[in-house]
Every structure is written in C-alpha cells, then in structure tokens.
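Enquirer: All chains, please: the whole structure from these sequences, using the hints.
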Amino acid sequence: MAQHESQNGLPSVEILFEDNHLLGIVKPVNIPVQEDATGDLDLLNILKEDVKLRYNKPGNVYMGLVHRLDRPVGGAMVFAKTSKSASRLSESVRSRSFRKIYLTVVHGTLPSSQGRLTDTLLKDEKSNTVSVVRKGTPGGKEAILDYTVLGTSGGFSLLKVDLLTGRSHQIRVQLSSKGCPLYGDQKYGASVNKPGQQIALWSVLVGFPHPTTKEDIQLISLPPQSHPWNLWPQELQKQAVR
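For the sequence shown, the numbering used here assigns the number 46 to the initial residue and increments by one for each residue that follows.
Don't take each hint at face value.
[Said to hold, decoys possible] Label-pair distances were calculated between CB atoms; the ranges are:
(1) R99 x L281: 35 to 45 Å
(2) P240 x K129: 43 to 53 Å
(3) L55 x P183: 36 to 46 Å
[To be verified] Simulated pairs of lysine to aspartate or glutamate, EDC-like, Cα-Cα distance not exceeding 16 Å:
(4) K93 x E80
(5) K93 x E59
(6) K232 x D169
(7) K171 x E63
(8) K102 x E80
(9) K168 x D115
(10) K93 x D64
(11) K97 x E136
(12) K283 x D207
(13) K126 x E94
(14) K93 x E63
(15) K223 x D261
(16) K186 x E170
(17) K259 x D64
(18) K126 x E63
(19) K129 x D64
(20) K232 x D64
(21) K259 x E170
(22) K168 x E187
(23) K126 x D64
(24) K97 x E63
(25) K232 x E170
Bear in mind the hints are in silico, worked out from the structure with no lab data behind them. All of these numbers come straight from a predicted model, not from anything done at the bench. Just so you know, even glycine gets a beta-carbon here, dropped at the ideal spot from N, CA and C.
Expert: Structure below.
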C-alpha cells in the first residue's frame, strides 16, 4: 500500500494495487467518483492528474471507470488504465465474476442473521432518489444482495453485504425498505439520522480476475475506526473479507 501526499493541491489517495493495466485505490468519503452537477473535484480527474504527475506523462491520461461508489461512501475501488482492461473488467461485472463486498451499520435488526434481499428498484432521475416498486413496473430493475449480521450493539447492527447487482443506491434503499436504514443516511433514513452524520457504508472488498493474467485480485479496505464503526472490534469486521 502507498499513501500519496497531495500534489498541486490534489487530495491524497491510498493505493492498494497498481500495474500497467489497473489502479486499485481507497476512495475517500465525500468525493464524487466522476464529475457531477456540483462541479466539485472528482476522483477520476484526481487519479488522472496523479498518474500524469507520478509518471511524467504528456497529454491526456486514460482512466476507465468500471464501477461506482456513492459520493458519501468510501473504500476499495478499481480503475482501468487501458481501454482493453476497462472492457474486460466491465465484462467481469456483467458476468458477475466481479465481487463487491461492503460493511454497513444500520439502525435496528433484520429478521434473520443472514439472508438474500431481492427487490425491483426504480430511479427518479429528477430527485436522484430510488424506491422499491412492484415487479414488472416499467423502468424497474432487479436488485439482489446477500447480507450477514456480524454483530449488534446499542440498537445498531453491523452487516456484511455481498452485492450481486450494482443498482444506484441499492444497499441504502433495500435495507431502508426493510426498516433498517443505514446510519447517517439522510436520503433514506432522515427520520432516525442527524444532519452531518457520515453514512456508515464502506467498500471492504473488490475482487475480480485480472484482465490480462486472470490472477484473482482482491482489493481490501477496512472502515475508519470512528463512530459507529468502533462499536465493534476490527477483528470482527475482518470476517467480512475472509
């Protein structure tokens, strides 16, 4: 792992893996993955500039976006450094050989210690919100996740979530619809969260076959040891990536 100090005013980003084909990093919280309506500095441009500076590259740097994390979410991510790698990683996503595992802290408890949630989700582009709708609803997309309850404490539950589809706001919406909104989620849990709280959702593992060597790559990042994550020992959190 390498922590790069900011260059030219750029935020520092921790590197988990890098070769000629891939760049695996820890996404900082509250930075958009790509340019959005806010005009705030985004991760894609930060990484392009970082590679340009570190390798003294002239002209434009290629950086392919393969998967996304919501702006307030942090953790492991992978980017493609070539178009061929981007294409092969995208195929891994489509064929579901691309694994995405998260840790999250939710309010309340789920009815069982582990299970699968399958819902149909519909996105409202105007309000940038997603809702659970009836199967067969026009524009609705199937959303599937597996969860395991790793622990409970003080009215909260620590969950491992294995994301099987990659829908917008999927984990947040599906768990909120079951009465367990994420800690700090203002959009889907405003009634139980306070403004200013950081959402407790972290990408702890991204796994996929390397686009050229086919080697199994696993990028791992554990959440910061601040509230509410520190309600459980890090050893327990590590069970999510074993």
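Enquirer: Now tell me if each hint is right for this structure.
Expert: Consistency of the hints with the structure:
1. R99 x L281: 35 to 45 Å: holds, 36 Å
2. P240 x K129: 43 to 53 Å: Given range 43 to 53 Å: holds, Cβ gap about 44 Å.
3. L55 x P183: 36 to 46 Å: Between L55 and P183, where Cβ atoms are some 43 Å apart, the hint holds.
4. K93 x E80: Distance ~13 Å between K93 and E80 Cα, so the pair holds.
5. K93 x E59: Answer holds: K93 to E59 is near 14 Å, not above 16 Å.
6. K232 x D169: holds, 13 Å
7. K171 x E63: Cα-Cα ~37 Å, so violated.
8. K102 x E80: violated, 22 Å
9. K168 x D115: holds, 14 Å
10. K93 x D64: holds, 15 Å
11. K97 x E136: The given pair, whose Cα atoms are some 27 Å apart, is violated under the 16 Å limit.
12. K283 x D207: With a Cα-Cα distance of about 14 Å, the restraint between K283 and D207 holds, given a limit of 16 Å.
13. K126 x E94: holds, 13 Å
14. K93 x E63: holds, 14 Å
15. K223 x D261: At roughly 34 Å apart (the allowed maximum being 16 Å), D261 and K223 break the hint.
16. K186 x E170: Holds, at roughly 14 Å.
17. K259 x D64: holds, 14 Å
18. K126 x E63: This hinted pair holds, its Cα atoms lying about 9 Å apart.
19. K129 x D64: Cα-Cα ~14 Å, so holds.
20. K232 x D64: Judged against 16 Å, a Cα distance of about 37 Å means the pair is violated.
21. K259 x E170: violated, 37 Å
22. K168 x E187: holds, 12 Å
23. K126 x D64: Roughly 9 Å separates the two Cα atoms, so the pair holds.
24. K97 x E63: holds, 14 Å
25. K232 x E170: Satisfied, since the Cα-Cα distance of roughly 14 Å is no more than 16 Å.
The structure shown violates the earlier hints numbered 7, 8, 11, 15, 20 and 21.
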